[in-house]
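**Q** Residue numbers (the numbering used here), protein chains in the order written: chain A, 7 to 421; chain B, 7 to 421; chain C, 7 to 421.
Heads up, some of the hints might be wrong.
Using 30 Å as the maximum straight-line C-alpha spacing, the simulated BS3-like pairs for lysine-lysine come out as follows [said to hold, decoys possible]: (1) A/Lys68 <-> C/Lys8; (2) A/Lys18 <-> B/Lys328; (3) B/Lys261 <-> B/Lys328; (4) B/Lys51 <-> B/Lys8; (5) C/Lys18 <-> A/Lys18; (6) B/Lys18 <-> A/Lys328.
The hints are simulated quantities; they were obtained by calculation from the structure and are not laboratory data.
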Amino acid sequence: PKGRPTISSDDKAYAFSIGLLAQEDFGGFMGVGQRGSESAGNFNKFTQNARRLRLYLSWRYKDWVVNVTPDFGSSSVDGTVGLFEANLNYTGLHNTTLTVGYFQPRMEEDSAERSGAFEFLERPTIVDLVRNIAGGVARFSIGGEHYEKRWLVAGYFTGQKFGDRNSSTNPVTDSQTGGVFRATGRPYVSKDIDVHVGVGATAAFKVNQTSNGRSYTFSDNVEVPLGETKLLTSGALNNISQIWAAGPQFGFRYKKFLLKGEYYHVGVQHNNAATTANLPSLNFDGWYVAANYTLIGHGRGYNEKIGAFTTPGVEYDFDPAKGHWGALEISGRWSVTDLRTSGATIKSGSLIQADGETGGNKQTVWQGGLNWYPNQHIKIMLDYTHFSVSSARGVSTDLLGRNGNAVVGRVQAAF
Amino acid sequence: PKGRPTISSDDKAYAFSIGLLAQEDFGGFMGVGQRGSESAGNFNKFTQNARRLRLYLSWRYKDWVVNVTPDFGSSSVDGTVGLFEANLNYTGLHNTTLTVGYFQPRMEEDSAERSGAFEFLERPTIVDLVRNIAGGVARFSIGGEHYEKRWLVAGYFTGQKFGDRNSSTNPVTDSQTGGVFRATGRPYVSKDIDVHVGVGATAAFKVNQTSNGRSYTFSDNVEVPLGETKLLTSGALNNISQIWAAGPQFGFRYKKFLLKGEYYHVGVQHNNAATTANLPSLNFDGWYVAANYTLIGHGRGYNEKIGAFTTPGVEYDFDPAKGHWGALEISGRWSVTDLRTSGATIKSGSLIQADGETGGNKQTVWQGGLNWYPNQHIKIMLDYTHFSVSSARGVSTDLLGRNGNAVVGRVQAAF
Amino acid sequence: PKGRPTISSDDKAYAFSIGLLAQEDFGGFMGVGQRGSESAGNFNKFTQNARRLRLYLSWRYKDWVVNVTPDFGSSSVDGTVGLFEANLNYTGLHNTTLTVGYFQPRMEEDSAERSGAFEFLERPTIVDLVRNIAGGVARFSIGGEHYEKRWLVAGYFTGQKFGDRNSSTNPVTDSQTGGVFRATGRPYVSKDIDVHVGVGATAAFKVNQTSNGRSYTFSDNVEVPLGETKLLTSGALNNISQIWAAGPQFGFRYKKFLLKGEYYHVGVQHNNAATTANLPSLNFDGWYVAANYTLIGHGRGYNEKIGAFTTPGVEYDFDPAKGHWGALEISGRWSVTDLRTSGATIKSGSLIQADGETGGNKQTVWQGGLNWYPNQHIKIMLDYTHFSVSSARGVSTDLLGRNGNAVVGRVQAAF
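Next comes chain A alone, as it looks inside the complex (with noise of 0.2 Å):
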């Protein structure tokens, strides 16, 4: 990105740099008071997290790339330091990278925007759920990704996450594999108006078996950062063949405002060979809808490269003196999680329930946020947070369903 510390060899043949995405969030919960006989849980008054602290370290010798980005951050809980990505890269193909080692694949727009052009905090629960089948941070990944002007397609065959092995407990004896899918189009571009589709696709064709099985658990926070107990679940799901997701994704600029949509559908298949329960399939659900008005400064723009919309562009640094205030932009996201097991119907043997006695849930967060970009390299944020979370039958904190809010800050640095 511009404003990167690079150097390079006068042929042009070498380059390092060396970038950074630094976010600190503070804020804290209102009004999640328990029900009953309930847990209370933990939804700190006033915390701080150190959401996101990347070193992006990138090396190139002619068409090779090579970037390794440790992380010192923490999805919500900070204090201890992981890797976001080291990969292998040849840019030697027109438009094309080819890609090999722990990679982020994306699927989703919300994903492709990069974690520093966010409109809020956190993606949508649906897009943070989806992901992270068989993509997300670190994940290891063979594949590549080539764009046009008007369209952009990828794919990638993935296998384990970076420490995905480190369990001194209960260790994977067999590791993960699976694969990560997009192609997104332009049907539409003038100067006012862009206009992007796309569909994103995933699947584990098996998951990390340990000496539990193969299991998987879907389960997220309310789209805040701080470290509060999880009050959404699938419940634990065992004996799994076979996760896949897949669902269209939209956005539609007009001048400065943005409006942006994606649904997501996940099918989980049991291995009904492993049990003596013939096992149903399972499908949840979730989507999400946002819109966002840029109030000062240039409107968030599409950038063809990454198939994605991108941060408002500031006109003039921050300089009250000359009534200079860089950008200011607002937004709102409706976003609904469901994963109750509809039509689920055997009880025993397994988690899975009569319909009625699901052992999942449902959450709906409503979000409305402020960001304002000072100059191109520092962003404030402010998020106002309303959640809602049907009851879970088995987790603690949430027998009788919850609902709340938060008020969360952040700054942001990027170089």
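Start from chain A and add chains B and C according to the hints.
**A** Below, chains B and C without anything else, positioned relative to chain A:
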């Protein structure tokens, strides 16, 4: 600092630098035998520790500076990787730095010196105890520092430390808030004389709450960074409403001789509403006096930008053929920390005991040391320590009091 | 190395560089079925591992060089972050490097080659076992290395490894001390022929002491870096006073053909004073022979500065349109490690058993591999491994001996 690798854009709007502070210690303990049936404790005869391995990464764009500093060293038992700081700073106001993010807010002259410039391997115990109440390394801070030629003032509102909530067994459900304040002045300045006076104050308005409530234990090793058993303790303090500390700092330079001292008083308020017993407030205190003389090279000078004395200067790099020996200084320090709860009168319902039956104890440390600087980037240290710690009820390694000695060397490189 | 990003001051007094060694492995095991009622062990059919992700940071001021190298990879189960080295070096003496700090002191030809230049994915097992007695990665070392055109000698006094004391359950209360020594020569040198001879020796004068006393277990996987169950073991050796190892190394190059071999004998002395039984000394040994031929490109040459053979050279970067294929080499290796305690005669009071009832076992590994270098910075490896391990009493996965196969590829980038 001078000699730190830096690259800048031609228009000076951008700069990036990557610095280092590497400190590796080696040494051991002598004559630390247990008395009676005490357990021996861990006083290694000869071992090593990577004290600090900090990579100072800094990105600047105009008046905005972002600092991210990973640390591969550890206070006394190396092997983990963490974060020293990650913060965003605005330097657009005259002689002022405004800071938000993980930072080390400083209230003591000894901390203000920076850890690469210390006279001894470690800070005095009382400084270590009070700085960690609401400051210390990687503390989330919002505040600023302003300096002039004859004075400096700094104040920060603070939150959790990086990683505070990162416990799988007993997570923090309500995070700490606090503050750190410092004001210093230079009442007399001449070529041969510097007088430094100041005051530091700090408070934790509430401390981290876990399933055990709000608790705190003051504890420290004997000012030696080799992972030895901590003998000094206040005992566990429960049901805490607030902890504060404040005290004066003093420094006097005459030519190459430097005399310093600081005193801090610590107060602990209990939350009596939460208990049946009417718990008293507790009071601890500690101080140190240190003398230093520079045998070869420039003496320790005063840096008005940090309100503290700094490291000696090397006139000529080490080169025995030319009779150049770099710089050499000798130091001595007397450090006392008293965690006995004098005046406490309540025995049941808490650890506070009748007079003469304190849960806490008292530590006295005498140190002498030599520091050799072959050039401005390299420092070789050798410290001798004699310590004496009074008995602590309930500490199996210190039932009868303990004294002993340590000899520890350090190799330091700083860029 | 050539191509490593470096910045220098105009007067050449200062230099800073940031290099990389990235190795990511993927592959799996075939035909490693358990026999009888053994447990299967962990032999993943297909998985991945970030073997080395080292960031080589180096600051130089005149004759003083500081190296700090974080490592985000892991020997066989990735997910943790550690340190490869952090040391201070003085290079002011002719052809000599004096070193203090965390370092990898090298005594074997195979280690001296550096891990980016290996013929195979992993060192032979016997090399891995002896180098870790008192050397290995991030070992605290004080010593030096001196080379001339026809010989090289190196010696280090060593302490603990980075993180050795970092155990919350069973910390080290008295740290290890030891030493590592190497001497090599080149009795015959011509354009087509290089002859390398040498000797390596090491000893742990005392090993780390924990609450279990001074114990040590030799153990290794089957020279494959995918986290597989370690089948080879000496059994736990207790009450150890000293461990030493020594042996010869030999290399012979004729044009593009290279033949290498090393043999090491390991001796373990018990501390009989501490036990009632009169424990005997134990003796283990192992060796390997490796043959290599460079099919395309410059053959492996000899580097007198490290006393070892190095990686093949690429004449022209990979460019199929011009008929350039980079470099390609083929290798084969036979590696035997015998940890059976022949001659041990005492049965009670320790693990040492009567002849024929050894606690340790024997491993033989055959490997063949291809390495392709599209350019000097990129290396693609493919290794086939066949292993055979004899039975070990008390190892549930190897009660009846085991053999099997593995196929593993590696993608490497080095700057």
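**Q** All the hints need checking, so say for each whether the structure fits it.
**A** Evaluated hints:
Proposed proximity of A/Lys68 and C/Lys8 is supported: the alpha carbons are some 15 Å apart, at most 30 Å. The hinted pair formed by A/Lys18 and B/Lys328 fails the criterion: a straight-line CA distance of about 44 Å is larger than 30 Å. Distance hint between B/Lys261 and B/Lys328 is fulfilled; the C-alpha atoms sit about 26 Å from each other, no more than 30 Å. A C-alpha spacing of about 38 Å is found between B/Lys51 and B/Lys8, which places the hinted pair above 30 Å, so the restraint is violated.
For the given pair, C/Lys18 sits about 23 Å from A/Lys18 by alpha-carbon distance, which is consistent with the 30 Å threshold. A threshold of 30 Å between alpha carbons decides the hint, and for B/Lys18 with A/Lys328 the separation of about 21 Å falls inside it, so the pair holds.
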